[in-house]
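Residue numbers (the numbering used here), protein chains in the order written: chain A, 1 to 558; chain B, 1001 to 1111.
Don't take each hint at face value.
[Unchecked claim] Examples of chain B residues toward chain A, derived with CB under 7 Å:
#1 1032
#2 1040
#3 1041
#4 1047
#5 1057
#6 1059
#7 1071
These aren't lab readings, by the way, just hints derived from the structure by calculation.
Even for Gly, the Cβ is constructed at its ideal location relative to N, Cα and C.
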Amino acid sequence: MTLPSHLTADVLVIGAGGAGMYAAIEAARAGRSVILADRSLIGRGGATVMAQMTVAVALEEQGLDHWENHYADTLTAGRGLCDPALAQLLCELGPARIREMDAWGVGWARENGEYKRAFAPGHDRPRCVYVDFLNTGPAVSRTLRARLNRTPEIRRIGELLVSELTVRDGECIGATALHVPTGAPVSIAAGATIVATGGLTHMYRRNSASLNMSGDGYALALAAGAELVDMEFVQFFPIGHLAPRLIGMDPIMWDPFRYKLGGRLLNGLREEFIHDYGSEDDGKYVVTRDLATYAIEKEVAAGRGSPHGGAYLSFEHCSEAELRAAGGPVIDRLAANGIDLTKQAVEVAPIAHYHMGGVRVDAKMATSVPGLYAAGEAVGGANGANRLSGNAITEALVFGCQAGASAAEHAARGRVRADVMTFDAARRRITEGVTTRGFNPAALIEAVQSTMQDDVGPFRTESSLRRALDTLGALRKELPGLKPAAGTAFDGALVDWYDLATMTRVGTCVASAALARNESRGAHQREDFPGLDAQWGVNQIIALAGDTLHLERQAVPS
Amino acid sequence: MSERAVLIIRRGTPGGAQREESWDVPFEPGQSVLDGLRWIRSHQDPTLAIRYSCTNANTCKECMVRLDGKTVYACTARLHPGTMRIEPLPNKALVRDLVTELAPRDERLSS
Chain A
1 MTLPSHLTAD
11 VLVIGAGGAG
21 MYAAIEAARA
31 GRSVILADRS
41 LIGRGGATVM
51 AQMTVAVALE
61 EQGLDHWENH
71 YADTLTAGRG
81 LCDPALAQLL
91 CELGPARIRE
101 MDAWGVGWAR
111 ENGEYKRAFA
121 PGHDRPRCVY
131 VDFLNTGPAV
141 SRTLRARLNR
151 TPEIRRIGEL
161 LVSELTVRDG
171 ECIGATALHV
181 PTGAPVSIAA
191 GATIVATGGL
201 THMYRRNSAS
211 LNMSGDGYAL
221 ALAAGAELVD
231 MEFVQFFPIG
241 HLAPRLIGMD
251 PIMWDPFRYK
261 LGGRLLNGLR
271 EEFIHDYGSE
281 DDGKYVVTRD
291 LATYAIEKEV
301 AAGRGSPHGG
311 AYLSFEHCSE
321 AELRAAGGPV
331 IDRLAANGID
341 LTKQAVEVAP
351 IAHYHMGGVR
361 VDAKMATSVP
371 GLYAAGEAVG
381 GANGANRLSG
391 NAITEALVFG
401 CQAGASAAEH
411 AARGRVRADV
421 MTFDAARRRI
431 TEGVTTRGFN
441 PAALIEAVQS
451 TMQDDVGPFR
461 TESSLRRALD
471 TLGALRKELP
481 GLKPAAGTAF
491 DGALVDWYDL
501 ATMTRVGTCV
511 ASAALARNES
521 RGAHQREDFP
531 GLDAQWGVNQ
541 IIALAGDTLH
551 LERQAVPS
Chain B
1001 MSERAVLIIR
1011 RGTPGGAQRE
1021 ESWDVPFEPG
1031 QSVLDGLRWI
1041 RSHQDPTLAI
1051 RYSCTNANTC
1061 KECMVRLDGK
1071 TVYACTARLH
1081 PGTMRIEPLP
1091 NKALVRDLVT
1101 ELAPRDERLS
1111 S
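Next comes chain B alone, as it looks inside the complex:
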């Protein structure tokens, strides 16, 4: 019994034009927002930039995004029918699309 969510995703690069894209994503009840984002990459657009590592365990803490104005982990937020707006974290430097700079300054190549 598949349901559908509409994910509106803000995309772009630092200093470049920002745009919003809308994706119609099928899901089974219980699935996470990260499941939806991964579905977009493997079924529609592999260029969508997202950051995650552990996928489901909420151990890596890499998948933080803004969901309808609130900061969430994409792996523990659940998909629901209707529209969901996903944006990069507003308080971190943008890398691309939903990916922001999370590394401490002394763990970056540019330090």
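The following block holds chain A by itself, in its conformation from the complex:
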């Protein structure tokens, strides 16, 4: 077995979820050679494959919709903070991507030949296509994978954990990575690089994330000189499964049942409560994610939570036939876990689900660093302070396509810079390290997840945020002296160390931006500053100077 220590491609795509795969396909369509790298196995990790149902898209057939309606709903959900150019791109080009996926055989649910469109909270009409049953993510992922495999210009390499983007004279010239199965370092020179690493929800104790979603792309881009935007806005999915313990099911599984059957959200006293918080939930699923999260957490805090600290979700009023029609084989998987929805309510609670903030890009998906692009959830700005249900997959496909085209164009203009010294130094940083005893990075990751959940979660206060910043800062200071040397096959402790470095950096960005924002808006709720403050209708931008974070307010782009 020969293991290369250096590779070259016109375009390097980091992250093989929906955005990364689409970017790779598009860059190859433009005639460029592509390396598609992921720290997990290709097509297994990330968020796309985990999506259960809705993909928001304004399909115009029969005059039923227009992208401007979708755009208006996206801006409303974003509570004044959306970057209009990015939101427009998502909504306007969504239909083309959804139709292309259809032509590639994804299998959107249909009725009498027409797309079935589900109604999701925050939309003015039924707008979300999907694949039954609870199968949207796997179907999208499988379809893109089949295209990848038929594209010889794309080389797919799994189990590469990118430790840094490689920058020379202010320009991104590729990346350097740890090859996890062997512990060997490898550098990749590229004419253009796309960060498509998804979000940061694995930083939270209660999450619906794959293991590879601890904010890698944010830390990489920031260190390379790019800016981050809206980092304080972490979306909690209000009805993540809490109890009884379910195995073999994603915790966001109740969403499709809600879309199809409504269901009733009840507090620990089995009383409806959403109407006390200014929305309704009368057997219909209309309450938005930020408001539902707020209402459930408040009921729990007031001592009216369910036994495990959430709310009840009940479908007890539905017949067995209705449940079977909505859930298909999922009903059998529930039965295998001992759950009969006609006889019992389940417990649900808010769970970290998506990050609205991210790498700041223009409508070409270009960052402020020449040669560096971003795509998908890694991008910030399109969804403002709160994301509309169904926009994440659309965003992955549209932004992935755009980033692939832009990166291909950039790579065609210049040549790949095989800068031996710079790459050698980056590889050495992976290899170097110490042997430490009594250091358990896996335990520290759980501690960071608790800090983020408890102090930088759905509710924040000045004191909780300051506490989190102290904890993260103290841990970050310890890390350089604890880095394990690379060279061991599948060294989980070394992988955990890289995650800790990322999580402490990105967690600090989230907490700093949350501390500065003295108001409550969308997914950012400050107990000490309840209510929206019109003066805070601005974005917060984070950049790195040396090792210091700089936070700055800027007007929302018009």
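Guided by the hints, dock chain B onto chain A, whose structure is given.
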């Protein structure tokens, strides 16, 4: 109401000495074998090599191991009181401990 399982885990590298380690793991009824393996890493020994991605959804299909002689997903097999023997897949190349080579040949660095 916590129960305990004894996980006997085969560890080692390709061509190196193989050994069995025994861990006493607490659990709540309903928890998965993967929960137990993750507990060992964060409470006892972070060097135990295991492969998983989605944690609970059985979507990534990365956590296949041999449990008492049968191939299972660690995320859907449940812990039970008593002894459970966990080994790497016998029909895949060993990487380390419970991790085996699952990537198709053309998705590896060495291809």
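Go through the hint on residue 1047 of chain B and say holds or violated, using the shortest Cβ distance to chain A against 7 Å.
-> With a minimum Cβ separation of about 6 Å from chain A (threshold 7 Å), the hint on residue 1047 of chain B holds.
Interface hint status, residue 1032 of chain B versus chain A (Cβ within 7 Å) | Check passed: Cβ of residue 1032 of chain B comes within 5 Å of chain A, closer than 7 Å.
Close enough to count: is the Cβ of residue 1057 of chain B nearer than 7 Å to one in chain A?
-> With a closest approach of 4 Å, the residue 1057 of chain B hint holds.
Would you check whether residue 1059 of chain B satisfies its interface hint, that is, whether its CB is within less than 7 Å of any CB in chain A?
-> Holds, because the Cβ-Cβ distance from residue 1059 of chain B to chain A comes to roughly 6 Å (cut-off 7 Å).
Should the interface hint for residue 1041 of chain B be scored as holding, given a Cβ-Cβ cut-off of 7 Å against chain A?
-> holds, 4 Å
Mind checking the CB of residue 1040 of chain B against every CB in chain A and telling me if the closest is under 7 Å?
-> With Cβ-Cβ at 9 Å, over 7 Å, it is violated.
Have a go at the residue 1071 of chain B hint: is there a Cβ in chain A nearer than 7 Å to its own Cβ?
-> violated, 15 Å
The structure fails to meet hints 2, 7 from the earlier list, while all remaining hints are met.
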